[in-house]
Each structure stands twice: as structure tokens, then as C-alpha cells.
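Build out the structure end to end from the sequences listed, making use of the hints.
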Amino acid sequence: MSDMHAIPRQQVTLSDEAYSRYPGPILVLAGPGTGKTYQLAKRIQFLTTSLHARGDEITVITFTQEAAQSMREKLERKDVPEFVPVDMRPGIISTMHSLGHRIIEENLREAGLCTDFKVLEGKELRKLIFIDAAMRVNESEEQGRCAYEERKRGKRELSEVSKKICAEYERLLRACNHIDFDDQIGLACDLLTGHDRIAAQWRGRARYLLVDEYQDINAAQFELIRLLSASSREGLFVVGDDDQSIYHFRGGSPEFIRQFQQHFGPQAEIIQMKTSRRCKRNILTAANHVVARHDPERVPKLEPHFVEAEPGEVFVHGCPSDDREASIIASLLKKEMEEVGKDSRVAFILIPDRLYLEKLESALTSAKIGFSIQIGRSKAIDRFLLVRDWVEQTSVEGSTSGGLLAREVTQLIVESGLSIIPSSRMTSAPKVQARSAGLKVIAGLWDRVLSKESSFRAELGRAGGTNEACRDLFEKLNLIQNAYECEFSEFLKLVADYVKPWRGKHDFFQELDYIERSKRRPPQFGNFPVRILTMRNSKGLQAHSVYVVGLEEGKFPGGSSQSEVAEEARLLFVAMTRAQDTLHLFYARKRKGSVSLRANSHKLQESRFVKDLPIPKGNRVYHPSADKLKSARRKRAKIGG
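Each residue of the sequence shown is one higher than the one before, starting from 17 at the first, in the working numbering.
Treat the hints as calculated values from the structure; they're not laboratory data.
Remember, predicted model here, so these are calculated numbers, not experimental data.
Just so you know, not all the hints are guaranteed correct.
[Unchecked claim] Heads up, simulated DSS-like pairs for lysine-lysine below, C-alpha to C-alpha not over 27 Å straight-line:
(1) K606 x K350
(2) K384 x K608
(3) K492 x K139
(4) K456 x K179
(5) K468 x K180
(6) K179 x K143
(7) K143 x K456
[To be verified] Restraint ranges, calculated between C-beta atoms of paired labels, are given here:
(8) V637 x P282: 48 to 54 Å
(9) I531 x R70: 49 to 55 Å
(10) D523 x E319: 48 to 54 Å
(11) A445 x Q390: 42 to 48 Å
(12) S378 x D523: 14 to 20 Å
(13) V637 x P446: 55 to 61 Å
(14) E503 x E176: 50 to 56 Å
(15) K179 x F99: 45 to 51 Å
(16) E158 x E469: 27 to 33 Å
(17) Q390 x S579: 27 to 33 Å
(18) E503 x D359: 53 to 59 Å
(19) Q409 x T131: 16 to 22 Å
(20) E126 x S378: 55 to 61 Å
(21) P446 x K468: 34 to 40 Å
Glycine included, every Cβ here is placed at the ideal spot set by N, Cα and C.
Below, the structure written as C-alpha cells:
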């Protein structure tokens, strides 16, 4: 283990009363189901009653809006030990981005924004404006993507090229009266750094700063925490678990937990929660084994106490195919439902992504098991609705609209392959050169938008007088809009032709079939809800039994570098530790190629994550194929006859 990152074992204290430690800074290592929300709520109560802190001196930062609302409700309930009277409650309980937004809104003049500014959140549109910005400062499309990645991950120190691209990107957004999702943090940091009055005001509001899910912050968010707590480090109280850091794709890093003492000094105290109230011993032991083996930089954890005497069960299922896997899960759920009787229970089926849904839906529906699916919309639906939003915005606002949506729809037409400008799928040197030249022309259309003289769409039309590619794109946009307003069937046809949300008829009908199947799902009723989620979306939730699907080598883990494998090990840790009583881990030796996205989808192997788990032999179940099962039944029937 690297000495640079590790917190030595003797520096970690085991306690369930971290909330009453003062002064800080304090890091609470809160493993799954150890009561971190309780710790935060009790911390607020401790600050207001024992230290006589005022509510307007306390700021609480949560990871999601739902967590912020849950915290408010907990403090309001008079029947729980965390109750805090209304006049003593924190002035601010919000997400990091909402907090940044509030700092900006209160200081619009200093931030250089108008009162009606909007926040741009769409990932694809942000990426696209970065590419335009890169073209405008004579950099490549690839450099634009790199700048997007650097900024998205919260980097405050950018490369010189990225700095130049980001400055132009921000100019384009401001011309359309927008900031983006990350600006809410970056601009707030700039305001705190550049204006002593603003810094003093907000440090007073955050004299006692409480931060949840500390393992998920990125560099910019860390900077905001550092700036807010600069004059009162003793009031800093953060809660997190580096084993549950799963947001590297947006800059989240376990390093902020692992370097807590380096960041905040030797007086910083680290306390590990003492009691595991969710996972039973065998489940947590198996999950810990995965991260300890595949994430060597993790903070070493002390053995917790367990509320439950029962050890819990972990099973590994090897299935010949994804069809058989789905039928086994349905059978196990059916059996579980029969055994629990009238007791209330919850079951999760956790999948890598939405591609794994089809077989599970079919098997559960056939078994008449009610279930809900909590997975986002498909990209195809998102694209279709984007075109709808653009048309409706254009109809309301006319051609003077800033044109961000018009720019995104224009790019969808380019990527469909039906534009004179080649799509990104074209890789020959002449096509790549033609694409770069075409995108440079489009990026140049922002000149008059920046000076508030025109809109993006109007400029596309004006450029069409001399540029064939712009004329073609402008005509296609007009055809789509006119069809929407006059003939809906023609609108559908044009979107299918020009935008290609679906790659072909098969994908379109598959989407319709999915919508129709969702209507035929057995209703969820009674005391045993079954929920299908992605592993990442299950974070923060819990169920009595959990079924984790898709644990094949090459898919999970799918990455090859040590850091990628470590993050996927942490993601599996999160999935496994949603289980309270029983955990089932599944891998299949054969899947549809369109699901596994592997070349040899008929020769899949068990993931390294589960191969060497400390699980009894009897809990490793190797299921026969359906054909072998039928053959065995026929033999038994003959013998019986």
C-alpha cells in the first residue's frame, strides 16, 4: 500500500459518537449502513445545544436534493432523537451545486451575470459547445473534448490549451445567458477568492460546515469546501467512505478522504463508525474482500461490530446463459416471496446498464412477479425529445433565440451521416479533414451571436448563401419545424431520417415493444416490492435481498488500468452492500453480443471480482442448461414410471 495515500491504522478511532467530537477538522469513515445521516443530524443537534451555535452559522452540504430534503424532515420530527427546534435549525441544507448557485445569485454583478441566467446541464450539448470553442481558437475537435473532460472533473489548474478553450466556451455560454452545471462551483470559488466581503459573509454562514458523501467530491468542490472553512477549520465535519467512491467520470476521487490529514493538518481527527446496522457479517466480509484485493490504496478499516447475530448469506451463481440466469432469479424471488409470507421485504436486481433488462423483464413477467424499473430513458428517446424541445422553443421565442438547442439539433443531423459535413464515424484522412473544415465554419457562426446581433439559427441561414453545408443544414431544420407545425407524421419521418434517434427499423420497434411490455408488467402490490436498478443508481438504498447481474470478466471489470479496476471494485462493493440479509451474485457463460458487447459472447468467464471470494463451496451454485434440466427430468420420470 502506498504510504502517500494511506491513513495509518493507529490514527483511526472506532466510535459511534463522532458527532460529539470537537474541535475538528473531523473525518467520519462511515461504511454502508453505519448511520451517517444519523451522525450528521446529531452533529447539528450537538452544535446547537452543547456549543450554542446559531442556525445561520451552520451549513450542511448533501450529495443529492433528496438527501437534503430527508435531512430537513429528520430534524423536524419530534418523535426521533435527532429533533432540532425550528429556530435552531441550519440556515442552509443543500447540495454543493445549489449552494454554489445561491452564492452566485446573491452576487450577480460581481459574477457578471444577468438576473434571468439559466443553467445548461445537458452533457452532449456542453461537449458540443466545447468543440465549437476549440475550433474558434484554432484548436482541434479532440482538444475540445479534452478541455471538456478536464473541466468536468473539477480541475482548477488547466493546461494552457484547455484554459484558452474554456475561456471561449464561457464566452459562448454567457452570450446565450447561460452558465453550466460546473460553473455553479467554479464561479462560486472565484467569488470567494476575489471578493473579501463575499468570502467573509459566507465563511460566517459556514462557521460549522458539515459535508456528506465526501468521497464523491472533485477538485473544484474540494476547493469550495476549503474556501468556506478557511477561517474555522475546527467546525469542519465531513462524512464519507473511500470504498464507495464511484464517480470518477465526473472527477470524484477517494483521494480527498485518503489525504484528509495532509489537507487539513495533523490536528484533523479520523473516526470510523463502530457499528454495521445494515449488512450482516458474511455480506460485508465478502464486499470488503473485493475492494481490499483490487483497490490497494484504500484506507484500512477496523473490524466493525454487527447488530445482527445472524451472519447472512452470499451465493455465487454460474449460469449457462442469460436466459437461464433470468429464470433462476425469477424462481428465487418466487421462493423468497412464499417463504416470507406476510412479512414486509424489499428485493433489488442490480444490473450494469439498461441492455440487461430484456431477459429479466420477460422472466419476471412470465412468473407474474410485479416489479419496477428505475433506469433513465434511452438515448433515442432523449434525442427525439430534444428535437421536440427545440421546435417548441423556436415557435415561442422565434429566430432571436440564443440557439443552443438549434446548435445541438444541427449536430445530430451532422452525426446522422446525411449532412455534407462528415460524421465522426468517418475515419479516412480526407473525411476527417472535411469534417474539421465544416465544424470550423459552424463554430464561426457564433460571431454575431456573441455581439448579440443575431441567433445561431439565423446565422446558419445567412451562411447558407455562400456555404453549401450550412444551406443544407438550415433547410433540414426548416423542414423539421414546418412539419411539426403542419403534419405530425411527416415530422416523425423527417426526425427518423435526419436525426436518426434509432439506427433502423429494428431499434425503433424494439423501443415500442419495450414501452408496450412496460404496460403489461404485473402490478406491484403486497409486501414484497422488486426493483430493477443499475448498480450506480442503487447507492444510498438498501434491500433485504439483492441480485447482482452481469459479473463476467471483460465486462465487469471492463477497464484494464489499475485505477479503472479499483473503481469498478468499489462499484461492486456498493452493489453488494445494498443487501441486508441475502446476496446473490450472477455470471453467465453466454449472453447476446448486443448486451455483453464482447467478441466471444458464448465463452464468457467468471469475473475476477467473484472468483476468489471467501464463500463456502455449497454457496457456489453452477446451474445446468435448460436442455440438461429437461433431460434430467425425463430420466427421473422414467425411473419413477
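Structure-based check of each hint:
Proposed proximity of K606 and K350 is supported: the alpha carbons are some 24 Å apart, at most 27 Å. Restraint check: the Cα-Cα separation between K384 and K608 comes to about 24 Å, which is no more than 27 Å; the hinted pair holds. Taken as a hint, the K492 and K139 pair is honoured in the structure, with Cα atoms around 24 Å apart against an allowance of 27 Å. Between K456 and K179 the alpha-carbon distance is near 19 Å, which keeps this suggested pair within the 27 Å criterion.
With a C-alpha separation of about 22 Å, the suggested pair K468 and K180 falls inside the 27 Å cut-off, and the hint holds. Among the hinted pairs, K179 with K143 is consistent with the structure: their alpha-carbon atoms are about 15 Å apart, no more than 27 Å. Between K143 and K456 the alpha-carbon distance is near 15 Å, which keeps this suggested pair within the 27 Å criterion. Taken as a hint, the range 48 to 54 Å holds for the pair V637 and P282, whose Cβ atoms sit roughly 50 Å apart.
Look at I531 against R70: about 53 Å separates their beta carbons, and that is inside 49 to 55 Å. About 51 Å separates the C-beta atoms of D523 and E319, a value consistent with the hinted range of 48 to 54 Å. For A445 paired with Q390, a C-beta distance near 45 Å keeps the hint of 42 to 48 Å intact. Between S378 and D523 the Cβ separation comes to about 18 Å, which falls inside the hinted range of 14 to 20 Å.
The beta-carbon spacing between V637 and P446, approximately 56 Å, falls within the hinted interval of 55 to 61 Å. Checked against the hint of 50 to 56 Å, the C-beta distance between E503 and E176 comes to roughly 52 Å, which is consistent with it. At about 49 Å, the beta-carbon gap between K179 and F99 stays in the expected band of 45 to 51 Å. For E158 and E469, the hinted distance range of 27 to 33 Å is satisfied, since their beta carbons lie about 31 Å from each other.
Distance hint check: the CB atoms of Q390 and S579 are about 28 Å apart, consistent with the given range 27 to 33 Å. Remark: the range hint 53 to 59 Å for E503 to D359 is upheld by a beta-carbon distance near 57 Å. Under the hint 16 to 22 Å, the C-beta atoms of Q409 and T131, about 20 Å apart, fit the expected range. As the Cβ distance of E126 to S378 is approximately 57 Å, the hint placing it in 55 to 61 Å holds.
Between P446 and K468, the C-beta spacing of about 38 Å keeps the proposed range 34 to 40 Å intact.
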